[in-house]
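Let chain A serve as the given structure and place chain B on it in line with the hints.
Note that the protein sequences, when read in sequence, are chains A and B.
Going by this note's numbering, the first sequence opens with residue 1, and the numbers climb by one from there.
Going by this note's numbering, the second sequence opens with residue 1, and the numbers climb by one from there.
It is worth saying that the hints were derived from the structure and are not from the lab.
Among the clues, some could well be false.
As the list makes no split between identical chains, a pair holds if one copy fits it or if it spans any two.
[As the list claims (entries may be wrong)] In silico lysine-lysine, DSBU-like type, Cα no more than 35 Å apart, as pairs: (1) K147 / K234; (2) K285 / K18; (3) K147 / K18; (4) K12 / K147; (5) K9 / K147.
Number of protein chains: 2
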Amino acid sequence: MGEFELIDKYFKVATQRKDVDLGPGDDCALLSVPPETQLAVSTDTLVSGVHFLPDMDPVSLGYKALAVNLSDLAAMGAEPRWVSLALTLPAIDERWVAGFAEGFLELAEYYNVALVGGDMTRGPLSITVSVKGTVPAGRALLRSGAKAGDGIYVTGTLGDAALALSHLLGRRTLNENQLAAVLPRLEHPHPRILAGQALRGIAGAALDLSDGLASDLGHVLRASGVRALINLDKLPLSPVLHDAVSREEAWQLALAGGDDYELLFTVPEEHRGVLDTALAHSGVKFTRIGRILAGEPGIEWQDGELPVALALKGWDHFA
Amino acid sequence: MGEFELIDKYFKVATQRKDVDLGPGDDCALLSVPPETQLAVSTDTLVSGVHFLPDMDPVSLGYKALAVNLSDLAAMGAEPRWVSLALTLPAIDERWVAGFAEGFLELAEYYNVALVGGDMTRGPLSITVSVKGTVPAGRALLRSGAKAGDGIYVTGTLGDAALALSHLLGRRTLNENQLAAVLPRLEHPHPRILAGQALRGIAGAALDLSDGLASDLGHVLRASGVRALINLDKLPLSPVLHDAVSREEAWQLALAGGDDYELLFTVPEEHRGVLDTALAHSGVKFTRIGRILAGEPGIEWQDGELPVALALKGWDHFA
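This is chain A alone, in the form it adopts within the complex (with noise of 0.2 Å):
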């Protein structure tokens, strides 16, 4: 089976979307953008042995490929709709195919978004997927918005994916229960997709969190010229991190860890009040955990009133 007929066996499925004018299988996709809107596209590339394990299930990772890149999206408070896929395999193995198609195809479909083009090609096994959405013109959540004064806040827990991870590649073992409790945070990360779009004109500024809060949130606090006060105490950690590791082990794994695709948002005092409530519908947790300071970027930990010297690494791909 040549690539054309794997990709019309798999990954051919009629969308119901009303804007997608041409899908795959023409030199380029058609789509429609509605007026009053601006278009949103991230772009992410996951390569074998350095974003996920060679030997990752292939629903899993067809999920996970989609999911991390809708999490961009969900950070800038975008609406998704269409998504482009370039996938490239050593060689034609159908099964693995037909389980990548299936894992990102169903998260594909929950979300409504319509693959609409991309590419499979022969070489060493790596995924790039482009998304688009759009946002009402203006109202986008950007890394730009944080200001002195504002709360900062994460949706759910974090550190379980890193948790999972270190236990896969042998650095920690965990029990059945745990590895079970926190597996799906590594493999099936839920897109914050409704918590974002809630945000919007609440939040200052959001980014979703890929390589670990240390090194991501730096990113807000230099696109924003501010500083943050995190404190440790207040970090949302799930019951088996506790349980797992030492509390020193927690914060690195939920600082450095990387892989939580969770929303880390900052909020003015003024909009505080109507936090719950927008946030209500999302059905997602969320937790204080610091505010933002005047000053030069840099991040100060604090374990209750206590200051706390640090010493994290957040995950550069080249370092």
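Using the frame of chain A, we list chain B on its own:
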């Protein structure tokens, strides 16, 4: 130097485009799509050792990675606007990155395409480019628009890039002058952007030739439900190709060699008269090489008045 520093140093260029509301550096780029247009999107991956030789000059590679994607926009008659670049590199080689960025951005600047985002990751060398452009609503050139009686045309000459590649692969030896004439066709293809736009309202169907005419024309025939008669004696072959190989080898290279990145298009008889004028401004030569017939998708080859049986195979990345 890390991922972020490399991107900042070599890929951060200010754009003059007013339709880029937010460039690289946030979770998504934000773009303004003009009213009354459709968004045209195409994604292509180039893998080292599959689509290009591992020792290819990075400046040429950067140029070509963008050129082959722009060629897809050209084939739709679209106006290029934005591009995302996902670059996977085995290691940091700053000179290589600088060269790649030079070639890529030189072409981006030429067509006023803004680099609005992407990704840089560690892994086996591969490049995924996703271009976005717009076309006036309802006026894109599709593969499905060919009708019996239409003339079949191609721009430029065919087979030169494949001739150059066969030399680089050691399958034949060109002299210095011959190589100098055809190597640019392999490394610096010219996306036929202006020609594609000029063909709107004139051509019935169009696509760009990437895998070889025999394979690519097949896409048009299947999408349109028609067949084709191709006059081999009318194929536009360069003097170098004529000199370097036999007539039959020239056909093989022109029809199944690939990498031409010329446009193939069909024109109904009633538009034949305006074709010369329309394409004059694009500065591109074009040749009538056959016509569309009614019937089952398939190609009939003819040399003068004589039918020819050809055994050709297009390029399938998994074949």
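>> Please sort K147 with K18 into within, between, both or neither, judging by C-alpha distance up to 35 Å.
In response: Classified as between; 27 Å across copies, 40 Å inside a copy.
> Under a CA distance limit of 35 Å, which applies to K147 and K234: within one copy, between copies, both, or neither?
Replying inline: Within one copy, since 21 Å is at most 35 Å while 68 Å is not.
> Under a CA distance limit of 35 Å, which applies to K285 and K18: within one copy, between copies, both, or neither?
Replying inline: This pair counts as within: shortest intra-copy Cα distance 33 Å, inter-copy 39 Å.
> Quick one: K12 to K147, C-alpha cut-off 35 Å, is that within a copy, between copies, both, or neither?
Replying inline: Between copies, since 26 Å is at most 35 Å while 46 Å is not.
> Which holds for K9 with K147 at a C-alpha limit of 35 Å: within a copy, between copies, both or neither?
Replying inline: between (51 Å within a copy, 28 Å between copies)
Checked against the numbered hints given earlier, this structure breaks none of them.
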